[in-house]
Structures are given as C-alpha cells and as structure tokens.
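Asker: Those sequence lines, one after another, are chains L and F. Those letters in the first sequence? Residues 247 to 636, by my numbering. Those letters in the second sequence? Residues 247 to 636, by my numbering.
The reader is advised that the hints may include incorrect statements.
Which copy? The list can't say, so a pair holds if one copy fits it or any two copies do.
Said to hold, decoys possible - With a Cα cut of at most 30 angstroms, we get these calculated BS3-like pairs of lysine-lysine:
hint, residue 1, residue 2
1, K557, K479
2, K456, K525
3, K456, K479
4, K479, K356
5, K253, K594
6, K587, K479
7, K557, K456
8, K356, K261
Rather than coming from a laboratory, the hints here were simulated on the basis of the structure.
Number of protein chains: 2
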Amino acid sequence: MIASPLKMLFTEPLKLASGAVLSEYSLAFETYGNLNPQKTNAVLICHALNASHHVAGVYEDQAKSEGWWDNMVGPGKPVDTDHFFVIGVNNLGSCFGSTGPLSTNPATGKPYGADFPMVTVEDWVDSHVRLLDQLGIRQLAAVMGGSLGGMQAMCLSYRYPDRVRHAIVIAAAPNLSAQNIAFNEVARQAIMTDPDFYGGHFETKNTVPKNGLMVARMIGHITYISDDQMETKFGRGLSEKSEKSEDSSKPQTESVAGLKFSFEPEFQIESYLRYQGEKFSRYYDANTYLRVTKALDYFDPAAEHGGDLAKAFAPATAQFLVISFTTDWRFSPARSREIVKALLDDKKDVTYAEIDAPHGHDAFLLDNALYHRTVRAYFEHAVIASEATA
Amino acid sequence: MIASPLKMLFTEPLKLASGAVLSEYSLAFETYGNLNPQKTNAVLICHALNASHHVAGVYEDQAKSEGWWDNMVGPGKPVDTDHFFVIGVNNLGSCFGSTGPLSTNPATGKPYGADFPMVTVEDWVDSHVRLLDQLGIRQLAAVMGGSLGGMQAMCLSYRYPDRVRHAIVIAAAPNLSAQNIAFNEVARQAIMTDPDFYGGHFETKNTVPKNGLMVARMIGHITYISDDQMETKFGRGLSEKSEKSEDSSKPQTESVAGLKFSFEPEFQIESYLRYQGEKFSRYYDANTYLRVTKALDYFDPAAEHGGDLAKAFAPATAQFLVISFTTDWRFSPARSREIVKALLDDKKDVTYAEIDAPHGHDAFLLDNALYHRTVRAYFEHAVIASEATA
Numbered sequence: 247m248i249a250s251p252l253k254m255l256f257t258e259p260l261k262l263a264s265g266a267v268l269s270e271y272s273l274a275f276e277t278y279g280n281l282n283p284q285k286t287n288a289v290l291i292c293h294a295l296n297a298s299h300h301v302a303g304v305y306e307d308q309a310k311s312e313g314w315w316d317n318m319v320g321p322g323k324p325v326d327t328d329h330f331f332v333i334g335v336n337n338l339g340s341c342f343g344s345t346g347p348l349s350t351n352p353a354t355g356k357p358y359g360a361d362f363p364m365v366t367v368e369d370w371v372d373s374h375v376r377l378l379d380q381l382g383i384r385q386l387a388a389v390m391g392g393s394l395g396g397m398q399a400m401c402l403s404y405r406y407p408d409r410v411r412h413a414i415v416i417a418a419a420p421n422l423s424a425q426n427i428a429f430n431e432v433a434r435q436a437i438m439t440d441p442d443f444y445g446g447h448f449e450t451k452n453t454v455p456k457n458g459l460m461v462a463r464m465i466g467h468i469t470y471i472s473d474d475q476m477e478t479k480f481g482r483g484l485s486e487k488s489e490k491s492e493d494s495s496k497p498q499t500e501s502v503a504g505l506k507f508s509f510e511p512e513f514q515i516e517s518y519l520r521y522q523g524e525k526f527s528r529y530y531d532a533n534t535y536l537r538v539t540k541a542l543d544y545f546d547p548a549a550e551h552g553g554d555l556a557k558a559f560a561p562a563t564a565q566f567l568v569i570s571f572t573t574d575w576r577f578s579p580a581r582s583r584e585i586v587k588a589l590l591d592d593k594k595d596v597t598y599a600e601i602d603a604p605h606g607h608d609a610f611l612l613d614n615a616l617y618h619r620t621v622r623a624y625f626e627h628a629v630i631a632s633e634a635t636a
Numbered sequence: 247m248i249a250s251p252l253k254m255l256f257t258e259p260l261k262l263a264s265g266a267v268l269s270e271y272s273l274a275f276e277t278y279g280n281l282n283p284q285k286t287n288a289v290l291i292c293h294a295l296n297a298s299h300h301v302a303g304v305y306e307d308q309a310k311s312e313g314w315w316d317n318m319v320g321p322g323k324p325v326d327t328d329h330f331f332v333i334g335v336n337n338l339g340s341c342f343g344s345t346g347p348l349s350t351n352p353a354t355g356k357p358y359g360a361d362f363p364m365v366t367v368e369d370w371v372d373s374h375v376r377l378l379d380q381l382g383i384r385q386l387a388a389v390m391g392g393s394l395g396g397m398q399a400m401c402l403s404y405r406y407p408d409r410v411r412h413a414i415v416i417a418a419a420p421n422l423s424a425q426n427i428a429f430n431e432v433a434r435q436a437i438m439t440d441p442d443f444y445g446g447h448f449e450t451k452n453t454v455p456k457n458g459l460m461v462a463r464m465i466g467h468i469t470y471i472s473d474d475q476m477e478t479k480f481g482r483g484l485s486e487k488s489e490k491s492e493d494s495s496k497p498q499t500e501s502v503a504g505l506k507f508s509f510e511p512e513f514q515i516e517s518y519l520r521y522q523g524e525k526f527s528r529y530y531d532a533n534t535y536l537r538v539t540k541a542l543d544y545f546d547p548a549a550e551h552g553g554d555l556a557k558a559f560a561p562a563t564a565q566f567l568v569i570s571f572t573t574d575w576r577f578s579p580a581r582s583r584e585i586v587k588a589l590l591d592d593k594k595d596v597t598y599a600e601i602d603a604p605h606g607h608d609a610f611l612l613d614n615a616l617y618h619r620t621v622r623a624y625f626e627h628a629v630i631a632s633e634a635t636a
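Can you make the complete structure from the sequences, with help from the hints?
Answerer: Right, dumping it as structure tokens:
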C-alpha cells in the first residue's frame, strides 16, 4: 500500500487549553482506503510520543518506510483498509509535519521554537475534529490509539460524543502516576540543562540539544520495555566489541570475563540504549519532546470532576474496547482497569482484553496474534455492525 | 553517641580487579562501642552509593549530623553498640574520606580525577580486610550491608570465609539485571555528556558537571522509591507555588485546575526530584558516581562459575540473614530469593525475611518495626551465640 502525506491549512484561530491562541495552523495527515458514500466507515488513528500521521503503507520509491502501525492497519489487516477509511493525523506541536516548534511563526516570520505554545490532549482532539469537519466526516466509526494515542481516543469520546461510535483505547491510563511524571520530568531536565538548549531557542544558535535528547530517550526507552523482556533480550550479555576487547588504546589486563574497566559501552543493554538515544536525537525536536511529555502529565479527565472518572466519561455514547498488556509497567493493566471500571459505573458498553505479552508498553506496537485477533474481531463485528445504524 | 572519623594509611600496594595498582591509599572509618578482649564482637558495616563510614552517632558540636544508619546502629539499637564493636568504613573511590578521585595522586601530586582506577566490590572487600588486619580483628562477628553494601557482605563471606561468622545481606541482588544496568548507564551518560565533565578532568577546569549529576540522581531516586509510595506521598499533587500561581511573569490564563503551562516544576514530584538532584550535585563527585555504578554493574559472583551462584557461595562458612522488602523494585524480593536458594543449595545456614514495607528500595534505611525487630533478634541470638564458639 502506497501512502501519500497530505496537509490541511486551518485559518480559523484555535484557542488552546493554556489560553494561548494559534491564529492559523496546518495538520499533516494520511488516509488509507476509501470513504464510503454514507461516510460511515472512517477510523481515526491517534499517535503517541514518537510517531506521526504516517500510520500505514510505504512511501513511493522509499525503502523501509512502513508506517508506525503498518502491522495493524492496511488491506486485510486487523483495521482493514479494504473496508475502512483510515485517517492518520499528526498532532499539533509535533516535528513531523503539523504545525509545531519547527514551523514558521506567522507573527515573526521565524520558527516558533520555544515560543510554540503548550498543547494538551484536548487541544489535539479539538483540532482533529476540525479535520473531520473538513473531510466531511460527521461521525467516526472508530477512534483508536495506543498510549498517548489512547488518551486522545478517550478524550474524543466524551468531548465530542456524537462524533464517534467506537473508542479503542490501548495501553493507556486515565492519567499519569507520580512515577510516570517523574520519568518525564527527568527527561525534560536532561534536555533543558543541556547547554545547547538555550532556553529552547537553540534554532537561533544553529545547534540542537543532542545530548539531552539522547539521555531523555534512553530514560523513556527503559520504561517502554518490560524488565523481563530486557533480561531475555540483553541480560548481562557483553556487546561483541567488549568481548573481543578491541579497544587497543587501553592496556590489556587480566580482567574478569572480558570486562573492559572503562566507561565505553560494554554490556549489550548499554550499546542498545545509546544507539536508540543517538538515533532519536538526530531527528526529534527538543521543544516537541518537552510539550508532548507535558501533554501526558496534564491529561487527567477526572480532575475537573473531583477525581471521579465515571463523571468524566458520562457524556460518552461510544462503545469501548480497552486493551492492556500484562507486562506493561508504564501504563499497567491496573490503570486500564480504572478506565473499564469508570465505564462500567456509567453502564457504558465496554469490552476489555488484558493481553499476556512479554514486551511491556511497546507491546501495543508489536505483532501479537491474540492482540491482533482481538482488534480484528472487534472491527469485523462491533464496528462494522454499527455502520448499519449510523 | 559522639562519632569521630579516623583514617588509616596503607602503604602496601593494592592490586585491583582491573589490573591497576594503588601504590598507597587511606581508608576513612569510624568505630562505635568497644572491642572485647577476645576480639569476637566486631561488626563491619558496608555502605551503598551515597553513604560513608559515618554510620551512626553525631559529630561533636554538629547539629543534624546523624550517621546514615543511626536508626539501626547505636546503644540499645538493633545492632547494639553496648555489646558490639561496630566499624563503618568508607569505600575506595568514594568522595567522603577514603582515597578516591578527589585525592592527590602520589604519582603526579595532583588530584586523581578521571585517572582514579575502576574499583570493584572485590577490591573494596580486599581493602576492608586489610583494615581488619590493622585493627587486629581476625574474625568479624558479622558483616552487614544494604543494597551495594549487601553485595560487599556477600563477597566477604565467600572471599574470606574464615574472617566472618555472620553475613547480613539486605535489599541486595546477586547481580544487576539488564534494567538495573540500563538505569546506571543513563545516569552515567547524563554525567559524561555534561560539557562540564571534560572527560572527567573537570577539576582542572575549576568546574563540576552539576547538571549531569542532578539528572543522574533524579533517575536513581525514582528507582529507590516504590511506585505506590510515590503515589501516596506525591500523587498528582501540585506544588504550593503552582497552586498559588505565583509566577507573575506569565500571563494569568483561565487554566485548568491551577496548571501553569510552563516548564517550571509544577507537580510536587517534580519539585521533590529537582530538590534531591540539586542537593546531591552540590556534594557528590561525578567520578565517584561513575565508578560506584560500574562496581554495581560488574558485581556478579556467579559469572566465574558458569552462572552457578551456589558454586560462588560454596567456600562460605558464615551463617546468613537475608532480608528483602516487598515493594523494592530495584532489587526485588525475587533477587534476594535467588541468593537464599543458592545458599540452601549449598546447605548453608540461612534465615530469610521478606518484609512487607511500602517504601521500595529505600526501606532498608528507614524505620520499620518488623525489620528492626528481625535484625535485633538475629544479633541478640545468632550473632551473640556465635561468640562463645569463636
């Protein structure tokens, strides 16, 4: 399946949760499959921290350009684009296409950089609904997302009840725990204390806070993988280079089991994390990272209702599919069960699947037969069935 | 109880596991209580990352100078200095008194800094035994430590079997998991990529990598506290400053529930972590931090025995008390049970207590009635009893 990125310009100002106003903005998006004449088969996919509107398919003449959820969305896949019209949209504040810190600020003619406003899950959902308006889609068959994307799916369900019939909320949480916020804050501190950050105005200095971004990504990465999975994949294995002791600048010692006694990466997990961190620091924008983590920290639908999540969900009319993964310690099954409980308290129609998977939080992006069968069955039955009455 | 730090100079060179040799070095230590004429009542306390030889008591004319394990060690306390002669010793490579990166390198007349060699748990134990030699202590009644201190207690038990009758191993692990190493590596990267680190030679530039140390400590701190405890203590509470919106430089917005929409600390957990990180960065040496985390990464007694921990413990003749805490996710009870299983496989005398405590890894430093009663009972019965046959 060949994907083509599109862009839609919005000139009606968007008031954000912070009170700031975006006078105009663009949203990058992609679509897969065809909108049926009744316009009842649209599915919106919301993304998490490190993803974009490029959900599925590949770009023409670009090898290895599969979308981030290509195993889930496509012809014959669990979210079957032979039937559904799937929309991937890039969030405001991103560095992958929609208006964000790297975009030109129309007020100054220069990139926003640190002046790009704070954005929230609510802001994203508001802007996504405007995109639906432009596409002539009155009601989505489903909104779907994992992690931060799941938060957007939840938010759309109660903020725009009549715009969606099904909400699929995967590996998400009703808000961040103190520990979740703590990890985000350490990552932000790593970025903000990098001398190349310049208070977020690094663009003007022709630099980027690469080291801060690398450390931030390494921290994040630890929380995406389960302890067990890390043990299975890396354990205490030494990286090849360590085992061979190739570093000839160091004196060869009668060392224990090939240890290098230096601060070069020597365990496999070290090499892996540094590689992931460095790769990330080459393409991700620091100002985007800061804003996306704050959006995560802020999301808390129950807060306006005295902590009562059921009250937050009360306006929703959609049916829900909630999925969690047993070894996810970032957003554990217990957090998904809080969502399910609130929906049940509201007597909503909710299906819950707790998938036994070893991969931790990352499981929502990976191939897992039971997980994919669950999503496929839900779309084939519940979502398609709802089109008849739409 | 008034404590007085002492220092012992060793001029016999110490060969380290890395192959490097310390031609001379000092160990800072303190003692509490009196060594009995038979010299059978000595207890060695080993410390973890952020501690020293100052285990118990206070320094004369110095308010709030309690030792780091003052709730455990002292007159009438679980490790009762009215009976036992307790020794606290500072590890080589530390920044608190024993020879380390801040000390003068006799070869150059300048501080070691980055040239201080890598040290291991084995090196520490070797140097501690030399201190015992100087103090005329042939055999310890007990060696005791929590976390990294527990690793030293284990190591002494099999490396110098005839030098100790009891090993008390608290909140420890037989080696670091991939996830443990990952957290250490991220902390090291935060320090080493701080431009003020200068490859470890920051002394010569009259600076210290404060930001890196701060981030490193913040990461570490998250792993010391249980998720639940963090939730109970901080949850999603906003810091006072946030709630009052005192930051008058920012425009007041019709914000949700007092959110500031800035990157200043706003949740309590953020303020807490930054405070802890900044405090740490003012007194801890970066080169010490790097070495202590590597000593943790390297400790793996089973490695030389094809992964068989029982074989590593085989030479030990001590009796063991192993203690873990239910909510410790840094070194979980499962890791302590690995130690216990290996000891049982060896038919050693081992007592195991899994203490129900909400505080996570930090529990080993905190007051907990059951924990303290367990240690007290063990010393009052098993340890004292062993003196008769010593």
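Asker: Please flag the earlier hints that this structure goes against, numbers listed from lowest up.
Answerer: 4, 5, 7
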